[in-house]
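> So you can see what is in the structure, the chains are spelled out below.
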Amino acid sequence: MIEIKDLHKSYKMGSNSLHVLKGINFSVEEGELVAIMGSSGSGKSTLLNILGMLDVLDEGSYTLDGVPIKDLNETKAAQYRNKFLGFVFQSFNLINYKSAMENVALPLYYQKVGRKERQEKALKYLEQVGLREWADHLPSELSGGQKQRVAIARAMAAEPKVLLADEPTGALDSTTSYEVMDLIQKINDAGNTILIVTHEPDIADMCKRIVHLKDGVIVEDKKITQVRASQYV
Amino acid sequence: MRFLFDGNTWQEIFGSIGKNRTRTIITVIGVLWGIFIYIVLSGAAQGLNNGFEKAFQNVAMNSLFTIGRNTSMPYKGFKTGRQIQLKLNDVTVLKNRIPEIQFIAPRNVKGIFGGSPAQVIRQGMSGDYAVYGDYPISTKIATKKIYDGGRFINDEDINGARKVCVIGERTQKELFENDESPIGGYIRIDNVFFQVVGVHKYTPGGGFESDSDIYIPFTTFKKLYNTGENVGWFAIAAYDDADIVKVEENVKSVLKNIHNVNPKDERAIASFNLGVIFNRIVGFAKGLTFMSLVVGIATILAGVIGIGNILLISVKERTKELGVRRALGATPREVRSLIILESVFLTMLAGVMGIILGAGALSMINKLTQGMDFPYSNPTVPIPYVLGALALMVVLGTLIGLIPAQRAVSIKPIDALREE
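Quick note, the sequences are listed as chains A and B, same order. Those letters in the first sequence? Residues 1 to 233, per our numbering, in order. Those letters in the second sequence? Residues 1 to 420, per our numbering, in order.
To be clear, the hints were calculated from the coordinates, so they are not data collected in a lab. Keep in mind it's a predicted model, so treat the numbers as computed, not measured. It is possible that part of the hints are untrue.
Claimed, not checked - In silico lysine-lysine, DSSO-like type, Cα no more than 27 Å apart, as pairs:
(1) A:Lys-98 <-> B:Lys-316
(2) A:Lys-12 <-> B:Lys-320
(3) B:Lys-256 <-> A:Lys-12
Could you put together the complete structure from these sequences and hints?
Right, dumping it as structure tokens:
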């Protein structure tokens with residue numbers, strides 16, 4: 001599904017350049033649930049941004065679902081993001097003047113899906129995350145866990161190839177975190193490919209594979225036995 | 001284009017506009033004020049224009065009056081200070097020599113320029129009124145509205161020097177009973193009986209005529225007051241396309257020639273050029289219209305710049321939201337269109353409201369000035385001007401919206417998402 005070869009990325013900071021990613025080789029099969037771990041400054045967010053086409057790579061190659069991702073301009077990147085990727089952010093990033101349903105329907109709007117179909121789909125995904133009754137509520141009327149579930153529904157609504165989650169539980173307490181992880185595991189069980197950036201070991205243990213980054217290189221990449229989040233809920 | 005008619009596009013726009021109502025309202029007021037000023041000013045200018053035209057509607061626009069005065073230079077053996085007396089023969093000469101003249105009406109009056117007004121008596125009631133000796137052609141230059149059942153002086157009156165007269169509204173009121181028809185009745189003008197053939201309706205608007213004037217045939221006037229071939233003054237109307245200033249010069253030089261006046265004598269022949277005065281007033285109204293256009297457009301511009309300013313702030317505040325949208329797959333084009341449409345929508349909303357309020361204000365001014373002696377009537381703004389103003393606002397709204405729209409897409413989505 002994802003194939004990365006010899007990926008380099010550096011940022012220019014004035015006259016110095018900061019080499020963040022120093023040759024990453026990494027691939028993800030369909031249906032995997034991968035945790036990317038590392039301390040801050042290890043390059044894990046940069047990697048996720050490149051995977052999410054929010055940032056461009058300097059060297060190396062990136063292939064997503066057989067499509068080489070290169071020579072991106074903003075318009076093309078936007079179209080690829082819309083078609084291939086779903087995002088879940090630490091701070092939820094829901095649009096605060098739109099109801100839960102409208103938030104979920106937004107990526108479909110950019111896919112040029114008709115209004116009625118959009119609403120039906122949005123309701124379907126809200127149902128899946130257990131928030132059907134909250135469809136007309138504004139984000140400000142939802143708890144943190146509910147907001148993240150709406151965000152996950154929004155990411156899933158576009159039916160992406162890969163779901164990218166950047167510290168999805170970073171702003172939540174542990175009980176809520178496990179609820180969200182339970183949801184993510186269920187989505188993964190349904191066959192979806194998911195990448196999670198986290199620095200919490202217990203969250204990483206709930207994935208099927210852990211990739212450790214340190215100073216811009218992968219230091220460890222191992223398959224693990226998944227801890228089911230449902231046992232904590 | 002599909003974008004424009006998609007209900008969801010508008011939902012997006014209303015959503016973001018409605019987010020900060022107070023700010024939106026204040027922004028809208030800026031442009032609203034601009035278009036309001038524009039509509040009221042140009043409507044008022046048009047109203048004045050209409051008012052002037054109404055005031056002059058009974059007078060040929062391209063007309064002038066000329067009268068004989070005293071010479072100020074000796075010429076051909078005549079000494080200074082000689083009174084120039086216009087004669088009936090001058091008419092033919094003027095018409096022959098100046099082809100631009102359409103109508104020429106010789107007129108006489110008693111009781112305006114010196115001389116006492118005629119004493120008019122009817123059945124014990126009496127009054128002093130100005131009496132004019134007129135040809136029918138006089139009405140071609142200054143229209144006389146005659147009340148139903150009556151008529152103005154006609155050619156047969158002239159040929160027969162008939163003792164008929166047309167009286168004014170006030171004359172009728174003062175000499176006749178309310179319920180009695182003056183037509184066919186007799187009045188005594190300076191001891192001569194005249195039959196009334198018509199009553200003229202007085203329309204205000206320049207000149208020295210009034211609602212009590214009595215018109216009698218020129219030939220009758222001549223007999224009554226022994227004026228012979230003398231003419232008080234000429235009322236001359238030129239063809240519409242003629243240059244009235246040139247006609248005036250020509251008339252003067254022809255008259256000087258006939259009456260042996262030094263061509264350089266500026267005083268001997270006096271004239272009053274209505275065309276020039278009228279052109280000046282029309283020019284004034286036109287200037288007013290132009291000024292209102294300039295002021296209106298400038299105010300609209302200021303308002304639209306205000307909208308651009310507010311949208312810049314709004315885009316800055318919504319950096320993160322726009323970042324999310326782009327992460328979800330909004331192309332830069334779609335983000336840009338969203339901001340521009342917001343700008344255009346706000347401008348249009350303000351424009352339409354401004355036009356409605358402006359129209360309201362105009363109709364109020366119209367009501368207040370009605371019945372006042374003020375040259376102002378039916379203030380209107382032509383539809384093309386209104387549409388033009390709206391089109392201008394759409395264009396300006398788009399142009400000004402480009403700035404915040406460009407700002408919105410100039411930030412990379414990743415930086416926008418990081419913004420706190």
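> Could you run down the list of hints and mark each one as holding or not?
Hints versus structure:
Of the pairs offered as hints, the one joining Lys-98 of chain A and Lys-316 of chain B holds, with about 19 Å between alpha carbons and a cut-off of 27 Å not exceeded. Proposed proximity of Lys-12 of chain A and Lys-320 of chain B is supported: the alpha carbons are some 24 Å apart, at most 27 Å. Proximity of Lys-256 of chain B to Lys-12 of chain A is assessed by CA-CA distance (about 95 Å); at most 27 Å being required, the pair is judged violated.
Of the hints listed earlier, the one the structure fails to meet is number 3.
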